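Full structure from sequences and hints, please.
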Amino acid sequence: MSGMSNFIHYNPTKIIFGKETIQKNLKDEVPKGSKVMMIYGGGSIKKNGTYDKVMTALDGYEVTEFGGVKPNPSYELAMKAVKVIKDKGIDFLLAVGGGSVLDSTKFIALAAVYEAGDPWNMTKMNKSEEEEPTKVVPFGAILTLPATGSEANMWTVVNKNETNEKRFVGSPLIFPKFSILDPETTYSLPWRQTRNGIVDTFIHIIEYYVNDDDNTSVPDRFAESLITILMESAVALKKNPNDYVARANFFWASTQGNNGSLGYGIKRQDWGLHWIAHEITAISNADHALTLACVVKGYWTHQKERKASKLKMMAEKVYGVTEGTDEEKVQACIDKTVEWLHSVDMPTNMSECNITKEDYIKIGKKIDDFYIKECGMKGIGSYGDITGKETIEILNFCDF
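Using this note's numbering, you'd call the opening residue of the sequence shown number 1 and step up by one each time.
It should be emphasised that the hints constitute simulated quantities derived from the structure, not laboratory data. Take these hints with a grain of salt, some might be off.
Result set (DSSO-like, lysine-lysine): computed pairs, CA atoms no more than 27 angstroms apart in a straight line [to be verified]: (1) K88 x K177; (2) K27 x K177; (3) K70 x K177; (4) K124 x K336; (5) K80 x K267; (6) K177 x K83; (7) K365 x K389; (8) K46 x K177; (9) K336 x K239; (10) K27 x K88.
Only a predicted model underlies this, so the values are computations on that prediction, with no experimental measurement involved.
Here it is as structure tokens:
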């Protein structure tokens, strides 16, 4: 009987949730007299009215716009923003967009005041004490695409296009000061982006949930509830993109899915699936949610003996499987997860990620080169023993 392990709960981000919260609350959250950089993506915020709401709320502030952030945000673009911040003396950042915009803003906020050489040093997993970030430009967020939980966590992911590397940075410095979550800002999202956000959130949840811990009832029941809410929201939003109740439930479930609370008390969280997917994205630039969906079947198949207890639990609690042996329930969970992904129009074939089977060797090598050789780890996954060899085995279990 292991039970929940010790943990410390810390999350300083102020969440402002609901309708018209940009108009009602933004001005009170941005420090008066700030020189603000507003960071956003390709311009959808101008089409859906969010841009006008933000600019109206920031009337009287000196605002510098920095647009063009793309999915899988790049280090190179972030460093251009850093130069503008230094040149103009900007002292507050406002991310307006989805997870990529938030992740880019977080990296920019650290890089603009980083004093230990190349800010890319922050992505090292075995960085020296001197290379740890110690300062940050304060920032807030207005989320328009739920998916990553970045609006309420201490993580950011960034891509270095020059070397096809996708890396992450974790620091308490990059909890946003505040995050505004207005579900109505997501009404204009096309189904593909909504679906991607739902799938990304789903994978975050199962990486906390599908482990080998036992007697962890609070995080387990919480995870199962969030998964059920995601599935219900997906059905509703596929029928009616303007269903406020479904948008609000999805929005809040996504924040809860990766703000850290699901991991409290869990000894063996498993982010190996995510890290393999990162390497696929780095070489193919495929949608992050797509790469996650394509890896999950192979990952669980490869690891199902270790994860049998939780896969069986998920089959029973989430999918309602009541008949069959334990082994059959484990397989049913894998099969029903793939069926659900297809039901939301998410492909699960590796060929959809713009890679070939020959690329499996490259991906395995990237796992070895970074996590084992550079970081000094024995491997990835909850047991830290998945190397490049096992990564290739996992990918060969995936559909192609």
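Consistency of the hints with the structure:
no. : hint        : result
1   : K88 x K177  : holds, 22 angstroms
2   : K27 x K177  : holds, 13 angstroms
3   : K70 x K177  : holds, 23 angstroms
4   : K124 x K336 : violated, 37 angstroms
5   : K80 x K267  : violated, 39 angstroms
6   : K177 x K83  : holds, 23 angstroms
7   : K365 x K389 : holds, 8 angstroms
8   : K46 x K177  : holds, 24 angstroms
9   : K336 x K239 : holds, 21 angstroms
10  : K27 x K88   : holds, 21 angstroms
Hint violations for this structure: numbers 4 and 5, all remaining hints satisfied.
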